[in-house]
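Start counting the sequence shown at 1; every next residue gets the next number (this note's numbering).
Bear in mind the hints are in silico, worked out from the structure with no lab data behind them.
It is possible that some hints are incorrect.
[Unchecked claim] Cut-off 25 Å, straight-line C-alpha distance, at most; resulting in silico cross-link-like pairs (BS3-like, lysine-lysine): (1) Lys164 <-> Lys209; (2) Lys181 <-> Lys209; (3) Lys164 <-> Lys78; (4) Lys47 <-> Lys91.
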Amino acid sequence: MAFAFGPFELDEAGRVVLCARQEVPLQPRVFDLLVYFVHHRGRVVSKDELLDAVWPDVTVTDNSLQRAVSALRAVLRKGGMEHAIRNLPGKGYRFSLDAESAQPLQAAEPQLGEATGAIGLARRAVAGQLWLQAASLFESAHEDGSLTADDLHDWALALQCLGKPAAAIPILVRAVSARAKAGDAAGAAADAITLSGLHFECGQAAIGKGWLARAEDWASGLNDPPTTALVLWMKSKLAAFDGDPEQALALADTAYTSVRHKDAIGIEAVSLAYRGFYRLCLGDTSGGLADQDHAAALALSSNTLDPIMAGLLYCNILWAARMFGDWARADQWTRGYQSFCSGSGMELTGSCQLHRSEVLGIRGSLSEALSRIQDALTRLTSDAPWSIGDANRVLGEIQAAIGNDDAALAAYDRAYALGWCPEPGRAMLLLARGEAEAAYVSLERSLIGKTWWTLQRRGILLAHLALVAAHTHRNEQAESLIRELSGSPDRWPMPSIRALTNEAQAILALGRQDHDAALRHLHLARQLWSSIEGRVQAVRLRLQIARLQFERDDIRGAATEVHAARLIASEMGSRKLEADCIALERDIDWATGSRAVAGQRHQLRG
(Lines of atoms letter the chains of each structure in order from A and count residues from 1; the text may use other names and numbers.)
(Lines give C-alpha, C1' and ligand atoms only; values in the text may rest on other atoms or scores of the structure.)
Protein backbone atom coordinates (compact mmCIF):
# COMPACT_ATOMS: atom_id res chain seq x y z
CA MET A 1 0.00 0.00 0.00
CA ALA A 2 1.10 3.60 -0.60
CA PHE A 3 0.76 6.37 2.00
CA ALA A 4 1.24 10.13 1.96
CA PHE A 5 2.12 12.38 4.90
CA GLY A 6 3.45 15.91 4.63
CA PRO A 7 5.84 16.04 1.66
CA PHE A 8 6.50 12.30 1.93
CA GLU A 9 5.15 9.37 -0.07
CA LEU A 10 5.70 5.83 1.15
CA ASP A 11 5.33 2.88 -1.22
CA GLU A 12 5.39 -0.12 1.08
CA ALA A 13 5.35 -2.78 -1.64
CA GLY A 14 7.98 -1.06 -3.74
CA ARG A 15 10.06 -0.17 -0.66
CA VAL A 16 10.43 3.42 -1.84
CA VAL A 17 10.17 6.68 0.10
CA LEU A 18 9.89 10.02 -1.69
CA CYS A 19 10.28 13.47 -0.21
CA ALA A 20 9.01 16.27 -2.45
CA ARG A 21 8.85 13.63 -5.20
CA GLN A 22 12.54 12.78 -4.87
CA GLU A 23 13.57 9.32 -3.66
CA VAL A 24 15.19 9.21 -0.22
CA PRO A 25 17.59 6.28 0.37
CA LEU A 26 16.83 4.33 3.55
CA GLN A 27 18.57 1.39 5.16
CA PRO A 28 16.29 -1.70 5.17
CA ARG A 29 15.70 -1.68 8.93
CA VAL A 30 15.00 2.05 8.95
CA PHE A 31 12.47 1.57 6.15
CA ASP A 32 10.79 -1.24 8.12
CA LEU A 33 10.69 1.02 11.18
CA LEU A 34 8.96 3.78 9.21
CA VAL A 35 6.40 1.32 7.81
CA TYR A 36 5.61 0.07 11.32
CA PHE A 37 5.26 3.59 12.66
CA VAL A 38 2.92 4.56 9.82
CA HIS A 39 0.71 1.51 10.35
CA HIS A 40 0.60 2.16 14.11
CA ARG A 41 0.50 5.94 13.98
CA GLY A 42 -1.09 7.81 16.83
CA ARG A 43 -0.46 5.20 19.51
CA VAL A 44 2.44 4.52 21.84
CA VAL A 45 4.58 1.63 20.65
CA SER A 46 6.91 0.09 23.22
CA LYS A 47 10.58 -0.52 22.52
CA ASP A 48 10.10 -4.27 22.90
CA GLU A 49 7.29 -4.24 20.32
CA LEU A 50 9.47 -2.33 17.85
CA LEU A 51 12.43 -4.64 18.40
CA ASP A 52 10.23 -7.69 17.80
CA ALA A 53 8.65 -6.15 14.70
CA VAL A 54 11.74 -4.71 13.02
CA TRP A 55 14.36 -7.23 14.18
CA PRO A 56 12.40 -10.52 14.34
CA ASP A 57 14.44 -13.52 15.46
CA VAL A 58 17.51 -11.29 15.92
CA THR A 59 18.97 -10.38 19.29
CA VAL A 60 19.77 -6.67 19.35
CA THR A 61 20.06 -4.00 22.04
CA ASP A 62 18.16 -0.78 22.55
CA ASN A 63 21.12 0.97 20.90
CA SER A 64 20.14 -0.52 17.54
CA LEU A 65 16.64 0.89 17.90
CA GLN A 66 17.95 4.28 18.99
CA ARG A 67 20.27 4.44 15.96
CA ALA A 68 17.42 3.50 13.62
CA VAL A 69 15.12 6.12 15.17
CA SER A 70 17.88 8.72 14.87
CA ALA A 71 18.42 7.83 11.19
CA LEU A 72 14.68 8.03 10.53
CA ARG A 73 14.44 11.42 12.21
CA ALA A 74 17.25 12.64 9.94
CA VAL A 75 15.21 11.58 6.91
CA LEU A 76 12.03 13.17 8.23
CA ARG A 77 14.00 16.37 8.86
CA LYS A 78 14.30 16.76 5.07
CA GLY A 79 10.58 17.47 5.05
CA GLY A 80 10.50 19.38 8.34
CA MET A 81 8.86 16.46 10.14
CA GLU A 82 11.55 15.24 12.53
CA HIS A 83 9.25 15.90 15.48
CA ALA A 84 6.71 13.37 14.22
CA ILE A 85 8.53 10.70 16.24
CA ARG A 86 8.06 11.41 19.94
CA ASN A 87 10.04 9.63 22.62
CA LEU A 88 7.99 8.90 25.75
CA PRO A 89 10.48 7.90 28.51
CA GLY A 90 9.65 4.54 30.03
CA LYS A 91 6.87 3.89 27.50
CA GLY A 92 8.31 3.92 23.98
CA TYR A 93 7.64 6.00 20.89
CA ARG A 94 4.64 7.55 19.18
CA PHE A 95 4.48 8.48 15.52
CA SER A 96 2.21 11.49 15.58
CA LEU A 97 1.31 13.87 12.78
CA ASP A 98 -0.97 16.11 14.85
CA ALA A 99 -3.64 17.44 12.48
CA GLU A 100 -2.25 15.43 9.56
CA SER A 101 -2.57 11.67 9.52
CA ALA A 102 -0.85 9.31 7.14
CA GLN A 103 -3.54 8.24 4.72
CA PRO A 104 -3.56 5.84 1.80
CA LEU A 105 -2.77 7.87 -1.30
CA GLN A 106 -5.90 9.10 -3.02
CA ALA A 107 -6.69 11.45 -5.84
CA ALA A 108 -9.55 13.89 -6.15
CA GLU A 109 -13.13 12.65 -6.19
CA PRO A 110 -14.01 11.14 -9.56
CA GLN A 111 -16.09 13.15 -11.96
CA LEU A 112 -19.26 11.82 -13.56
CA GLY A 113 -18.39 9.14 -16.11
CA GLU A 114 -14.86 8.56 -14.79
CA ALA A 115 -13.58 5.13 -13.83
CA THR A 116 -13.62 4.37 -10.13
CA GLY A 117 -11.49 2.12 -7.98
CA ALA A 118 -7.77 1.62 -8.41
CA ILE A 119 -7.84 2.27 -12.16
CA GLY A 120 -9.63 5.59 -11.78
CA LEU A 121 -7.25 6.65 -9.01
CA ALA A 122 -4.27 5.58 -11.12
CA ARG A 123 -5.43 7.64 -14.09
CA ARG A 124 -5.86 10.73 -11.94
CA ALA A 125 -2.45 10.12 -10.37
CA VAL A 126 -0.92 10.14 -13.87
CA ALA A 127 -2.72 13.41 -14.63
CA GLY A 128 -1.22 14.85 -11.44
CA GLN A 129 2.25 13.41 -12.24
CA LEU A 130 2.16 11.37 -9.03
CA TRP A 131 4.25 8.58 -10.53
CA LEU A 132 4.83 6.49 -7.44
CA GLN A 133 1.13 6.51 -6.65
CA ALA A 134 0.22 5.74 -10.27
CA ALA A 135 2.63 2.81 -10.54
CA SER A 136 1.41 1.33 -7.25
CA LEU A 137 -2.25 1.66 -8.22
CA PHE A 138 -1.75 0.20 -11.71
CA GLU A 139 0.14 -2.69 -10.13
CA SER A 140 -2.79 -3.41 -7.83
CA ALA A 141 -5.34 -3.11 -10.65
CA HIS A 142 -3.72 -5.10 -13.44
CA GLU A 143 -4.57 -8.63 -12.30
CA ASP A 144 -8.22 -8.43 -13.33
CA GLY A 145 -7.19 -7.66 -16.92
CA SER A 146 -9.17 -4.43 -17.16
CA LEU A 147 -6.28 -2.11 -18.02
CA THR A 148 -6.58 -0.49 -21.44
CA ALA A 149 -3.69 0.10 -23.84
CA ASP A 150 -3.55 3.71 -22.64
CA ASP A 151 -3.41 2.50 -19.03
CA LEU A 152 -0.51 0.19 -19.87
CA HIS A 153 1.26 3.05 -21.65
CA ASP A 154 0.79 5.32 -18.62
CA TRP A 155 1.91 2.58 -16.22
CA ALA A 156 5.13 2.20 -18.25
CA LEU A 157 5.53 5.98 -18.28
CA ALA A 158 5.20 6.09 -14.48
CA LEU A 159 7.88 3.39 -14.10
CA GLN A 160 10.24 5.26 -16.42
CA CYS A 161 9.69 8.48 -14.46
CA LEU A 162 10.57 6.55 -11.29
CA GLY A 163 13.88 5.49 -12.84
CA LYS A 164 12.79 1.88 -13.53
CA PRO A 165 13.09 1.50 -17.31
CA ALA A 166 13.66 -2.26 -17.19
CA ALA A 167 10.37 -2.72 -15.33
CA ALA A 168 8.60 -0.64 -17.98
CA ILE A 169 9.61 -2.89 -20.89
CA PRO A 170 7.18 -5.81 -20.32
CA ILE A 171 4.34 -3.35 -19.66
CA LEU A 172 5.04 -1.57 -22.96
CA VAL A 173 5.10 -4.91 -24.79
CA ARG A 174 1.58 -5.50 -23.50
CA ALA A 175 0.58 -1.99 -24.56
CA VAL A 176 1.86 -2.57 -28.11
CA SER A 177 -0.04 -5.84 -28.32
CA ALA A 178 -3.26 -4.21 -27.07
CA ARG A 179 -2.95 -1.32 -29.53
CA ALA A 180 -2.25 -3.65 -32.44
CA LYS A 181 -5.33 -5.72 -31.64
CA ALA A 182 -7.43 -2.56 -31.46
CA GLY A 183 -6.12 -1.38 -34.85
CA ASP A 184 -4.29 1.62 -33.32
CA ALA A 185 -1.25 1.54 -35.61
CA ALA A 186 -0.04 5.04 -34.62
CA GLY A 187 -0.16 4.21 -30.91
CA ALA A 188 1.49 0.82 -31.48
CA ALA A 189 4.29 2.47 -33.49
CA ALA A 190 4.87 5.12 -30.79
CA ASP A 191 5.13 2.53 -28.01
CA ALA A 192 7.36 0.35 -30.21
CA ILE A 193 9.69 3.32 -30.69
CA THR A 194 9.86 3.74 -26.91
CA LEU A 195 10.71 0.04 -26.59
CA SER A 196 13.38 0.45 -29.25
CA GLY A 197 14.96 3.29 -27.29
CA LEU A 198 14.84 1.41 -23.99
CA HIS A 199 16.54 -1.63 -25.51
CA PHE A 200 19.23 0.55 -27.11
CA GLU A 201 19.87 2.17 -23.72
CA CYS A 202 20.18 -1.30 -22.17
CA GLY A 203 22.79 -2.25 -24.76
CA GLN A 204 20.43 -4.61 -26.62
CA ALA A 205 20.90 -3.11 -30.08
CA ALA A 206 19.52 -6.09 -32.00
CA ILE A 207 16.24 -6.04 -30.07
CA GLY A 208 16.11 -2.25 -30.41
CA LYS A 209 16.46 -2.55 -34.19
CA GLY A 210 13.71 -5.15 -34.24
CA TRP A 211 11.24 -2.87 -32.47
CA LEU A 212 12.25 0.00 -34.76
CA ALA A 213 11.52 -2.15 -37.82
CA ARG A 214 8.13 -3.08 -36.34
CA ALA A 215 7.31 0.59 -35.75
CA GLU A 216 8.39 1.51 -39.28
CA ASP A 217 6.11 -1.20 -40.67
CA TRP A 218 3.11 0.22 -38.81
CA ALA A 219 4.00 3.81 -39.77
CA SER A 220 4.30 2.91 -43.47
CA GLY A 221 0.56 2.26 -43.65
CA LEU A 222 -0.32 5.63 -42.17
CA ASN A 223 -0.44 9.19 -43.42
CA ASP A 224 0.50 10.59 -40.02
CA PRO A 225 3.46 13.03 -39.95
CA PRO A 226 4.10 12.78 -36.16
CA THR A 227 4.39 8.98 -36.33
CA THR A 228 6.60 9.17 -39.42
CA ALA A 229 8.79 11.78 -37.72
CA LEU A 230 9.10 9.63 -34.62
CA VAL A 231 10.36 6.71 -36.71
CA LEU A 232 12.79 8.95 -38.62
CA TRP A 233 14.14 10.39 -35.37
CA MET A 234 14.83 6.92 -33.97
CA LYS A 235 16.47 5.93 -37.25
CA SER A 236 18.71 8.99 -36.91
CA LYS A 237 19.81 7.75 -33.49
CA LEU A 238 20.56 4.35 -35.00
CA ALA A 239 22.60 5.96 -37.78
CA ALA A 240 24.64 7.86 -35.20
CA PHE A 241 25.08 4.65 -33.21
CA ASP A 242 26.41 2.98 -36.36
CA GLY A 243 28.90 5.81 -36.99
CA ASP A 244 27.16 7.62 -39.84
CA PRO A 245 26.58 11.21 -38.62
CA GLU A 246 25.80 12.53 -42.11
CA GLN A 247 22.92 10.07 -42.46
CA ALA A 248 21.84 10.83 -38.88
CA LEU A 249 21.68 14.54 -39.73
CA ALA A 250 19.66 13.94 -42.90
CA LEU A 251 17.13 11.77 -41.05
CA ALA A 252 16.75 14.20 -38.15
CA ASP A 253 16.30 17.07 -40.60
CA THR A 254 13.58 15.17 -42.47
CA ALA A 255 11.88 14.31 -39.18
CA TYR A 256 11.87 17.96 -38.10
CA THR A 257 10.66 19.43 -41.39
CA SER A 258 7.85 16.86 -41.63
CA VAL A 259 6.24 18.05 -38.38
CA ARG A 260 7.30 21.69 -38.29
CA HIS A 261 4.33 23.89 -37.30
CA LYS A 262 1.99 20.88 -37.31
CA ASP A 263 1.05 20.85 -33.63
CA ALA A 264 3.37 17.99 -32.70
CA ILE A 265 5.61 19.92 -30.31
CA GLY A 266 7.24 16.91 -28.66
CA ILE A 267 8.71 15.25 -31.73
CA GLU A 268 9.31 18.63 -33.38
CA ALA A 269 11.46 19.80 -30.46
CA VAL A 270 13.34 16.51 -30.01
CA SER A 271 14.12 16.03 -33.71
CA LEU A 272 15.34 19.64 -33.88
CA ALA A 273 17.56 19.13 -30.83
CA TYR A 274 19.09 16.02 -32.40
CA ARG A 275 19.57 17.81 -35.71
CA GLY A 276 21.52 20.40 -33.79
CA PHE A 277 23.56 17.70 -32.10
CA TYR A 278 24.56 16.11 -35.42
CA ARG A 279 25.41 19.54 -36.81
CA LEU A 280 27.74 20.08 -33.88
CA CYS A 281 29.37 16.70 -34.54
CA LEU A 282 30.01 17.69 -38.15
CA GLY A 283 31.52 21.07 -37.31
CA ASP A 284 28.56 23.41 -37.77
CA THR A 285 28.78 24.82 -34.26
CA SER A 286 26.71 27.96 -34.75
CA GLY A 287 23.97 26.07 -36.59
CA GLY A 288 23.95 23.28 -34.05
CA LEU A 289 23.71 25.60 -31.06
CA ALA A 290 20.94 27.59 -32.76
CA ASP A 291 18.96 24.39 -33.34
CA GLN A 292 19.32 23.30 -29.74
CA ASP A 293 18.34 26.70 -28.35
CA HIS A 294 15.29 26.73 -30.65
CA ALA A 295 14.36 23.22 -29.50
CA ALA A 296 14.59 24.24 -25.86
CA ALA A 297 12.37 27.26 -26.49
CA LEU A 298 9.80 25.03 -28.22
CA ALA A 299 9.75 22.65 -25.29
CA LEU A 300 9.57 25.35 -22.63
CA SER A 301 6.69 27.07 -24.42
CA SER A 302 4.62 23.89 -24.42
CA ASN A 303 2.74 22.21 -21.61
CA THR A 304 2.05 19.08 -23.64
CA LEU A 305 5.42 17.30 -23.48
CA ASP A 306 5.42 14.12 -21.47
CA PRO A 307 8.33 13.85 -19.02
CA ILE A 308 10.19 11.18 -20.99
CA MET A 309 10.17 13.15 -24.26
CA ALA A 310 11.19 16.31 -22.41
CA GLY A 311 13.91 14.34 -20.63
CA LEU A 312 15.29 13.16 -23.97
CA LEU A 313 15.43 16.76 -25.13
CA TYR A 314 17.23 17.97 -22.02
CA CYS A 315 19.61 15.03 -22.00
CA ASN A 316 20.66 15.53 -25.62
CA ILE A 317 21.39 19.22 -25.18
CA LEU A 318 23.22 18.52 -21.93
CA TRP A 319 25.27 15.76 -23.51
CA ALA A 320 26.29 18.07 -26.35
CA ALA A 321 27.41 20.77 -23.91
CA ARG A 322 29.60 18.27 -22.04
CA MET A 323 31.13 16.71 -25.13
CA PHE A 324 32.10 20.06 -26.62
CA GLY A 325 33.60 21.42 -23.41
CA ASP A 326 30.93 24.10 -23.07
CA TRP A 327 30.90 23.91 -19.28
CA ALA A 328 28.89 27.06 -18.57
CA ARG A 329 26.14 25.77 -20.86
CA ALA A 330 26.39 22.29 -19.35
CA ASP A 331 25.93 23.69 -15.86
CA GLN A 332 22.86 25.68 -16.88
CA TRP A 333 21.27 22.64 -18.48
CA THR A 334 22.02 20.26 -15.62
CA ARG A 335 20.40 22.69 -13.19
CA GLY A 336 17.48 23.13 -15.57
CA TYR A 337 17.06 19.37 -15.91
CA GLN A 338 17.14 18.86 -12.16
CA SER A 339 14.42 21.51 -11.75
CA PHE A 340 12.39 19.85 -14.49
CA CYS A 341 12.70 16.44 -12.81
CA SER A 342 11.65 17.91 -9.48
CA GLY A 343 8.67 19.69 -11.01
CA SER A 344 7.47 16.65 -12.95
CA GLY A 345 8.04 14.12 -10.19
CA MET A 346 10.74 12.28 -12.17
CA GLU A 347 13.55 10.35 -10.56
CA LEU A 348 17.01 11.55 -11.65
CA THR A 349 18.43 9.00 -14.07
CA GLY A 350 21.90 7.55 -13.96
CA SER A 351 22.74 9.52 -17.11
CA CYS A 352 21.68 12.77 -15.45
CA GLN A 353 23.84 11.98 -12.43
CA LEU A 354 26.73 11.27 -14.82
CA HIS A 355 26.27 14.62 -16.57
CA ARG A 356 26.01 16.52 -13.31
CA SER A 357 29.04 14.83 -11.73
CA GLU A 358 31.30 15.84 -14.62
CA VAL A 359 30.18 19.46 -14.37
CA LEU A 360 30.68 19.44 -10.59
CA GLY A 361 34.14 17.92 -11.05
CA ILE A 362 35.20 20.66 -13.47
CA ARG A 363 33.84 23.29 -11.08
CA GLY A 364 35.67 21.85 -8.09
CA SER A 365 32.81 20.40 -6.02
CA LEU A 366 34.83 17.20 -5.85
CA SER A 367 33.18 15.48 -2.90
CA GLU A 368 29.69 15.89 -4.37
CA ALA A 369 30.96 14.95 -7.83
CA LEU A 370 32.45 11.72 -6.46
CA SER A 371 29.22 10.85 -4.64
CA ARG A 372 27.11 11.48 -7.74
CA ILE A 373 29.33 9.50 -10.12
CA GLN A 374 29.29 6.53 -7.76
CA ASP A 375 25.49 6.76 -7.66
CA ALA A 376 25.46 7.04 -11.46
CA LEU A 377 27.54 3.88 -11.84
CA THR A 378 25.01 2.00 -9.72
CA ARG A 379 22.03 3.28 -11.71
CA LEU A 380 23.58 2.93 -15.15
CA THR A 381 23.87 -0.83 -14.75
CA SER A 382 20.13 -1.01 -15.42
CA ASP A 383 19.46 2.44 -16.97
CA ALA A 384 22.08 2.70 -19.71
CA PRO A 385 24.91 0.16 -19.41
CA TRP A 386 26.43 1.41 -22.68
CA SER A 387 27.56 4.59 -20.87
CA ILE A 388 29.30 2.88 -17.94
CA GLY A 389 32.58 3.40 -19.79
CA ASP A 390 31.92 7.14 -19.94
CA ALA A 391 31.07 7.13 -16.24
CA ASN A 392 34.43 5.51 -15.49
CA ARG A 393 36.14 8.18 -17.58
CA VAL A 394 34.46 10.87 -15.47
CA LEU A 395 35.32 8.98 -12.28
CA GLY A 396 38.96 9.01 -13.41
CA GLU A 397 38.89 12.78 -13.89
CA ILE A 398 37.37 13.36 -10.45
CA GLN A 399 39.86 11.03 -8.73
CA ALA A 400 42.73 12.73 -10.57
CA ALA A 401 41.53 16.17 -9.43
CA ILE A 402 41.34 14.96 -5.84
CA GLY A 403 44.83 13.47 -6.06
CA ASN A 404 44.03 9.74 -6.11
CA ASP A 405 46.24 9.02 -9.11
CA ASP A 406 46.17 5.21 -8.86
CA ALA A 407 42.38 5.16 -8.53
CA ALA A 408 42.14 7.56 -11.48
CA LEU A 409 44.31 5.39 -13.72
CA ALA A 410 42.31 2.31 -12.71
CA ALA A 411 39.08 4.10 -13.69
CA TYR A 412 40.56 5.21 -17.00
CA ASP A 413 41.67 1.63 -17.70
CA ARG A 414 38.13 0.38 -16.99
CA ALA A 415 36.72 2.99 -19.37
CA TYR A 416 39.12 1.87 -22.12
CA ALA A 417 38.38 -1.82 -21.46
CA LEU A 418 34.67 -1.03 -21.92
CA GLY A 419 35.39 0.51 -25.32
CA TRP A 420 35.31 4.13 -24.20
CA CYS A 421 38.03 6.67 -24.92
CA PRO A 422 39.49 7.88 -21.58
CA GLU A 423 40.99 11.02 -23.10
CA PRO A 424 41.87 13.76 -22.54
CA GLY A 425 41.81 13.08 -18.79
CA ARG A 426 44.21 10.15 -18.86
CA ALA A 427 46.71 12.01 -21.04
CA MET A 428 46.69 15.02 -18.71
CA LEU A 429 47.33 12.77 -15.71
CA LEU A 430 50.24 11.12 -17.54
CA LEU A 431 51.60 14.57 -18.41
CA ALA A 432 51.42 15.65 -14.76
CA ARG A 433 53.28 12.48 -13.77
CA GLY A 434 56.12 13.29 -16.19
CA GLU A 435 55.05 10.82 -18.91
CA ALA A 436 54.65 13.40 -21.67
CA GLU A 437 55.40 11.04 -24.57
CA ALA A 438 52.82 8.51 -23.37
CA ALA A 439 50.32 11.36 -23.06
CA TYR A 440 51.03 12.45 -26.64
CA VAL A 441 50.61 8.94 -28.04
CA SER A 442 47.31 8.46 -26.17
CA LEU A 443 45.86 11.71 -27.51
CA GLU A 444 46.97 11.00 -31.07
CA ARG A 445 45.32 7.58 -30.90
CA SER A 446 42.08 9.09 -29.60
CA LEU A 447 41.70 11.13 -32.81
CA ILE A 448 41.85 8.11 -35.13
CA GLY A 449 38.64 7.28 -36.97
CA LYS A 450 35.33 8.98 -37.47
CA THR A 451 33.19 7.65 -34.67
CA TRP A 452 30.51 9.87 -33.19
CA TRP A 453 32.58 10.05 -29.99
CA THR A 454 35.64 11.39 -31.84
CA LEU A 455 33.58 13.85 -33.86
CA GLN A 456 31.90 15.23 -30.76
CA ARG A 457 35.11 15.75 -28.82
CA ARG A 458 37.40 16.66 -31.69
CA GLY A 459 37.89 20.27 -30.59
CA ILE A 460 38.69 19.48 -26.98
CA LEU A 461 40.99 16.60 -28.03
CA LEU A 462 42.86 18.78 -30.55
CA ALA A 463 43.32 21.50 -27.94
CA HIS A 464 44.84 19.03 -25.48
CA LEU A 465 47.02 17.58 -28.25
CA ALA A 466 48.32 21.07 -28.98
CA LEU A 467 49.24 21.47 -25.32
CA VAL A 468 51.00 18.11 -25.08
CA ALA A 469 52.74 18.68 -28.42
CA ALA A 470 54.17 21.90 -26.98
CA HIS A 471 55.36 20.04 -23.87
CA THR A 472 57.08 17.40 -26.03
CA HIS A 473 58.79 20.06 -28.21
CA ARG A 474 56.72 19.27 -31.30
CA ASN A 475 56.54 22.99 -31.88
CA GLU A 476 55.44 23.01 -35.52
CA GLN A 477 52.57 20.64 -34.81
CA ALA A 478 51.52 22.62 -31.73
CA GLU A 479 51.52 25.87 -33.72
CA SER A 480 49.55 24.24 -36.55
CA LEU A 481 46.90 22.96 -34.15
CA ILE A 482 46.67 26.34 -32.43
CA ARG A 483 46.14 28.03 -35.81
CA GLU A 484 43.44 25.50 -36.74
CA LEU A 485 41.56 26.03 -33.48
CA SER A 486 42.08 29.79 -33.17
CA GLY A 487 41.39 30.38 -36.86
CA SER A 488 37.91 28.85 -36.60
CA PRO A 489 36.25 30.86 -33.82
CA ASP A 490 32.79 30.05 -35.18
CA ARG A 491 33.52 26.34 -34.93
CA TRP A 492 35.45 26.35 -31.65
CA PRO A 493 34.09 29.29 -29.59
CA MET A 494 34.18 27.49 -26.21
CA PRO A 495 36.24 29.15 -23.45
CA SER A 496 37.72 25.78 -22.47
CA ILE A 497 39.26 25.30 -25.92
CA ARG A 498 40.54 28.88 -26.04
CA ALA A 499 42.04 28.43 -22.58
CA LEU A 500 43.92 25.28 -23.64
CA THR A 501 45.29 26.93 -26.79
CA ASN A 502 46.53 29.87 -24.72
CA GLU A 503 48.24 27.47 -22.34
CA ALA A 504 49.90 25.74 -25.29
CA GLN A 505 51.09 29.13 -26.55
CA ALA A 506 52.54 29.81 -23.11
CA ILE A 507 54.58 26.58 -23.24
CA LEU A 508 55.86 27.50 -26.71
CA ALA A 509 56.79 30.99 -25.47
CA LEU A 510 58.74 29.49 -22.56
CA GLY A 511 60.69 27.41 -25.08
CA ARG A 512 61.70 30.71 -26.75
CA GLN A 513 62.60 32.20 -23.34
CA ASP A 514 59.84 34.78 -23.85
CA HIS A 515 58.64 34.85 -20.25
CA ASP A 516 56.46 37.94 -20.67
CA ALA A 517 54.46 36.31 -23.48
CA ALA A 518 54.21 33.10 -21.47
CA LEU A 519 52.77 34.95 -18.48
CA ARG A 520 50.27 36.78 -20.68
CA HIS A 521 48.99 33.54 -22.18
CA LEU A 522 48.83 31.81 -18.79
CA HIS A 523 46.83 34.70 -17.32
CA LEU A 524 44.45 34.60 -20.29
CA ALA A 525 44.02 30.84 -19.90
CA ARG A 526 43.32 31.20 -16.18
CA GLN A 527 40.79 33.98 -16.80
CA LEU A 528 38.98 31.89 -19.40
CA TRP A 529 38.68 28.93 -17.02
CA SER A 530 37.53 31.24 -14.25
CA SER A 531 34.86 32.73 -16.54
CA ILE A 532 33.14 29.32 -16.64
CA GLU A 533 34.00 28.46 -13.03
CA GLY A 534 36.46 25.76 -14.06
CA ARG A 535 38.13 25.96 -10.68
CA VAL A 536 40.31 22.84 -10.94
CA GLN A 537 41.99 24.11 -14.10
CA ALA A 538 42.15 27.69 -12.79
CA VAL A 539 44.05 26.54 -9.68
CA ARG A 540 46.43 24.48 -11.81
CA LEU A 541 47.17 27.54 -13.93
CA ARG A 542 47.60 29.81 -10.90
CA LEU A 543 50.34 27.45 -9.76
CA GLN A 544 52.05 27.65 -13.14
CA ILE A 545 51.86 31.45 -13.02
CA ALA A 546 53.24 31.47 -9.47
CA ARG A 547 56.17 29.21 -10.37
CA LEU A 548 57.08 31.38 -13.33
CA GLN A 549 56.86 34.55 -11.23
CA PHE A 550 58.98 32.90 -8.54
CA GLU A 551 61.65 31.95 -11.10
CA ARG A 552 61.71 35.60 -12.22
CA ASP A 553 62.10 36.81 -8.61
CA ASP A 554 58.60 38.27 -8.47
CA ILE A 555 58.19 36.92 -4.94
CA ARG A 556 55.22 39.06 -4.00
CA GLY A 557 53.31 38.18 -7.18
CA ALA A 558 54.07 34.48 -6.73
CA ALA A 559 52.95 34.55 -3.09
CA THR A 560 49.67 36.22 -4.07
CA GLU A 561 48.89 33.62 -6.74
CA VAL A 562 49.79 30.61 -4.62
CA HIS A 563 47.81 31.92 -1.66
CA ALA A 564 44.70 32.25 -3.85
CA ALA A 565 45.34 28.81 -5.33
CA ARG A 566 45.69 27.18 -1.91
CA LEU A 567 42.46 28.69 -0.60
CA ILE A 568 40.50 27.30 -3.54
CA ALA A 569 42.31 23.92 -3.53
CA SER A 570 41.50 23.49 0.16
CA GLU A 571 37.87 24.41 -0.42
CA MET A 572 37.62 21.94 -3.30
CA GLY A 573 39.19 19.10 -1.32
CA SER A 574 41.97 18.53 -3.87
CA ARG A 575 44.80 16.99 -1.86
CA LYS A 576 47.12 17.01 -4.87
CA LEU A 577 46.69 20.68 -5.70
CA GLU A 578 46.84 21.69 -2.03
CA ALA A 579 50.11 19.74 -1.61
CA ASP A 580 51.54 21.49 -4.68
CA CYS A 581 50.54 24.85 -3.18
CA ILE A 582 52.18 24.02 0.16
CA ALA A 583 55.40 22.92 -1.56
CA LEU A 584 55.59 26.15 -3.56
CA GLU A 585 54.80 28.24 -0.48
CA ARG A 586 57.73 26.60 1.31
CA ASP A 587 60.05 27.48 -1.57
CA ILE A 588 58.79 31.07 -1.48
CA ASP A 589 59.18 31.27 2.31
CA TRP A 590 62.69 29.83 2.09
CA ALA A 591 63.65 32.33 -0.61
CA THR A 592 62.12 35.19 1.37
CA GLY A 593 63.99 34.09 4.50
CA SER A 594 67.26 33.73 2.63
CA ARG A 595 66.91 37.22 1.22
CA ALA A 596 66.17 38.61 4.66
CA VAL A 597 69.30 36.96 6.08
CA ALA A 598 71.36 38.22 3.15
CA GLY A 599 70.03 41.74 3.73
CA GLN A 600 70.94 41.61 7.42
CA ARG A 601 74.47 40.46 6.60
CA HIS A 602 74.82 43.26 4.09
CA GLN A 603 73.74 45.79 6.74
CA LEU A 604 76.23 44.36 9.24
CA ARG A 605 79.03 44.57 6.73
CA GLY A 606 78.02 48.15 6.00
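For Lys181 and Lys209, compute the direct alpha-carbon distance and say whether it is at most 25 Å.
holds, 22 Å
Is Lys47 close enough to Lys91, meaning Cα to Cα at most 25 Å?
Holds, at about 8 Å.
Hey, Lys164 versus Lys78, does the alpha-carbon distance stay inside 25 Å?
It holds: about 24 Å lies between the C-alpha atoms, which stays within 25 Å.
Restraint check for Lys164 with Lys209, where alpha carbons must lie at most 25 Å apart
At roughly 21 Å apart (the allowed maximum being 25 Å), Lys209 and Lys164 satisfy the hint.
Violated hints for the displayed structure: none, as all numbered hints are satisfied.
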